[in-house]
Amino acid sequence: MEPLSWGEILIRIIGQFTPVWIALIVLFAASIVYKRKLGLYGKLFDSTIGMIGFALVMFWVFTAVFGAMGMIITHDGLQQFASMKNKVPGTFLDEEGVYNYYLLGGDNLGRDVFTRMVKGSWEVVKIAPFATLFAFMVGITLGLPAGYYGGKLDTFLSFLANLILAFPVILLFYLLVTPEIVATGIPVYMAGVLFIFPIVFMVILMNSRFYTQPAKRNMYLAFVLVIGAWLYLGIAWNADPLGIISFPANLLVVFVSVVFVNSPTVFRIVRGLAMDIKTRDYVAAAQTRGEGPWYIMLWEILPNARGPLIVDFCLRIGYTTILLGTLGFFGLGLSPESPDWGSTINEGRKLLSIYLHPALPPAFALLTLVLGLNLLADGLREESLRD
Amino acid sequence: MGLFILRRLGVMILTAICLTFIVFFLTNLAPNLEKLAKSEVNQRMSDDAVTSWLANRGYTQPLPVKYGQWLGVLPGYVIEGTDGTVRGRCIDQGMAPEDAPTFCGILQGDWGQSSVFKDDVGSIISTRLGLTGKLMFWVMMVMVPGALIIGVLAGMREGSRTDRSLSTVSILSTATPEYVSGVIFIAVFSSSAVGLKWFKGTATSAMDDITFANFTLPVLTIALYGMGYIARMTRASMTEVMTAQYIRTARLKGVSFGNIVLKHALRNALIAPFTVIMLQFPWLLNGVVIVETLFNYKGFGWTLVQAAGNNDIELLLGVSVVSVVVVLTTQLISDIGYVYLNPRISVT
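Residue numbers (the working numbering), protein chains in the order written: chain D, 3 to 389; chain E, 3 to 350.
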């Protein structure tokens, strides 16, 4: 059989993505119809740049989710066919019971490049947003008091943040994400420290708001603590008493180091915003009313800092994606079989002067996702500045 | 001002000590030392052999003592090993134990021995740093003017078509990490599959002799990632300046647009990018590691990867000292420069 022509490959790839197109069209139609009722999210659909960014991001999110459910992929991504090694895109695969073409060719082990690219998006989508969220929790919990109180606390925390920021990221990764360090258990202890911040954050958030209504507060706190402790034990210590949540050790290291690298920057942003906002009149009004410091920080300052924080959140997910790619590129942390984009780019680059197709699809995938996040952040910034 | 610099220098030294201690701690963890011993002698060493090998070379001393010796504030160890040889931190090959100096840490200028390259860490770092220096020089030569021109052109008339298209280009370049742009560049410009073959896909030959063919791609790859960010900062600062009162006055006076941009706006608009450019150094360091690995250019970043991958303790410490000093110095310069450029800011 002749290999497919580029036009046929394109049509087949577009066909494979059918679920994604349907989901995107439904999402956009619904959002545009109801955009006046959706606040900042709805306003995003007034800006072309924001819409393009959002479309790119959602494309990869849907691809990741559907791909993980086994929909878009044509093969299983690990199966190797010796006859398909380094074959060009559209090569016919003469096997029973599998999809008959390698749409984007085969890599140096004869695995399907297209499937691995789709599976790689899941590797990013399942780590990057959560790692960024955790980094934000850590950064906010430490940055707010540093900016609000100032003084010695601020000096100490800023020194720590600058200490981590002065480390070249790659050196830090090399020091943290090696099997030897994992054997000492240091990443687990770091996870133990870092992952407690979200619980602390939620507890303070609830307590400062509802401490005048003890019955309601106790209910909320009990809820937060039970769920929080359950997730904490499962994720950080792999000791879930119910046995539902478990976190693979090598993924935990990657997760922890990405959170660790991101949180100082978030800390600095939150600290700066808090220092700015604490001079406003409504903060003075709250102080005069006799509100506690944590109430002011979390319910007066934080909501008013949300604009820049949301924008930075989008940018930071993109940066986290780049960091995950860097880890993969240096072969750190993730298993060698892993289909994540960084690892596949690294594998593909070795034969780059002869075969282009294994390295380029993951490279373009990463590029479009990060570009989408940047455009989305730009659109959000534009729209949030408008009012 | 003097006091400010002194205080910043103090913080800098404290930061450097903390950071090197962290690196020291992480590289001296038991599994790492075991790996070091096994890679130095052989993979199938018995546990006893590992312990005595490490003990003979002073690795089993308490961590603060080892750190003090590396720093040069504690006397270097002298240990009579289980095999009868006397080894000491300060005793070089072929030197009598009595002749060796008592202190030999980085304060005395002795950076130790690299276990991977079997050479003096000081000389390795200086040669590698020289190679990376050349790379950085060309990166700066491409990146800074490029970014400033893009930023100024985009910010000159906010909302114009030039602004839109240049801003999109800068967003695109910030969204392309080095390992992506590098791979795309190699694929397009140097692979035999596309056939352009304008440049070389490796920069190994550039270590002796820099040519247009072997150095363009690595320089472009690093410059591109930082360029977008600096350009966006320049654009933001330029648009802000262009709406200032004194620019309006100049316009109303009848000064031509070109003159306004060049003589009135540019000076004030370049204050913010200056800080950003200085603060880009830590990121450039990252880019250097990726690009030197990708293009096989054996500079500082490549050395970092080799040292970290093989747990070469002394080399890794040397590398981290240098990179930390680079990062902190650029931060200091950016702060001082900002005060000089912007009369509205004062350090006191």
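Some hints could be false.
Label-pair ranges, simulated between beta-carbon atoms [claimed, not checked]:
(1) Glu42/E x Thr186/D: 17 to 27 Å
(2) Ile338/E x Gly292/D: 35 to 45 Å
(3) Ser167/E x Thr370/D: 13 to 23 Å
(4) Lys199/E x Thr370/D: 38 to 48 Å
(5) Val67/E x Glu293/D: 33 to 43 Å
For lysine-lysine, the following DSS-like pairs were computed, each having C-alpha atoms within a straight-line distance of at most 30 Å [what the hints assert, rightly or not]:
(6) Lys300/E x Lys265/E
(7) Lys154/D x Lys280/D
(8) Lys40/E x Lys352/D
(9) Lys128/D x Lys352/D
(10) Lys40/E x Lys120/E
(11) Lys300/E x Lys40/E
(12) Lys37/E x Lys199/E
(13) Lys199/E x Lys352/D
(14) Lys120/E x Lys37/E
(15) Lys352/D x Lys300/E
(16) Lys68/E x Lys352/D
(17) Lys45/D x Lys280/D
(18) Lys352/D x Lys136/E
(19) Lys199/E x Lys120/E
(20) Lys89/D x Lys199/E
(21) Lys87/D x Lys37/E
(22) Lys89/D x Lys352/D
(23) Lys352/D x Lys120/E
(24) Lys300/E x Lys136/E
Simulated from the structure, these hints should not be mistaken for laboratory data.
Everything numeric in this text was worked out from a predicted model, so none of it was measured.
The C-beta atom is built at its ideal place from N, Cα and C for all residues, glycine as well.
Comparing the hints with the structure gives:
1. Glu42/E x Thr186/D: 17 to 27 Å: Given about 20 Å between the Cβ atoms, the range holds.
2. Ile338/E x Gly292/D: 35 to 45 Å: holds (44 Å)
3. Ser167/E x Thr370/D: 13 to 23 Å: holds (19 Å)
4. Lys199/E x Thr370/D: 38 to 48 Å: violated (27 Å)
5. Val67/E x Glu293/D: 33 to 43 Å: Cβ of valine 67/E to Cβ of glutamate 293/D: about 52 Å, so the range 33 to 43 Å is violated.
6. Lys300/E x Lys265/E: violated (44 Å)
7. Lys154/D x Lys280/D: holds (18 Å)
8. Lys40/E x Lys352/D: Measuring from Cα to Cα gives roughly 29 Å; hence the hint holds.
9. Lys128/D x Lys352/D: holds (28 Å)
10. Lys40/E x Lys120/E: Holds, because 16 Å separates the two Cα atoms, which is no more than 30 Å.
11. Lys300/E x Lys40/E: Measuring from Cα to Cα gives roughly 26 Å; hence the hint holds.
12. Lys37/E x Lys199/E: Status violated; Cα separation ~42 Å.
13. Lys199/E x Lys352/D: holds (17 Å)
14. Lys120/E x Lys37/E: holds (17 Å)
15. Lys352/D x Lys300/E: holds (17 Å)
16. Lys68/E x Lys352/D: violated (40 Å)
17. Lys45/D x Lys280/D: Since the Cα atoms of lysine 45/D and lysine 280/D sit roughly 28 Å apart, the hinted pair holds (cutoff 30 Å).
18. Lys352/D x Lys136/E: This hinted pair holds, its Cα atoms lying about 25 Å apart.
19. Lys199/E x Lys120/E: violated (37 Å)
20. Lys89/D x Lys199/E: holds (22 Å)
21. Lys87/D x Lys37/E: violated (35 Å)
22. Lys89/D x Lys352/D: holds (16 Å)
23. Lys352/D x Lys120/E: holds (28 Å)
24. Lys300/E x Lys136/E: holds (12 Å)
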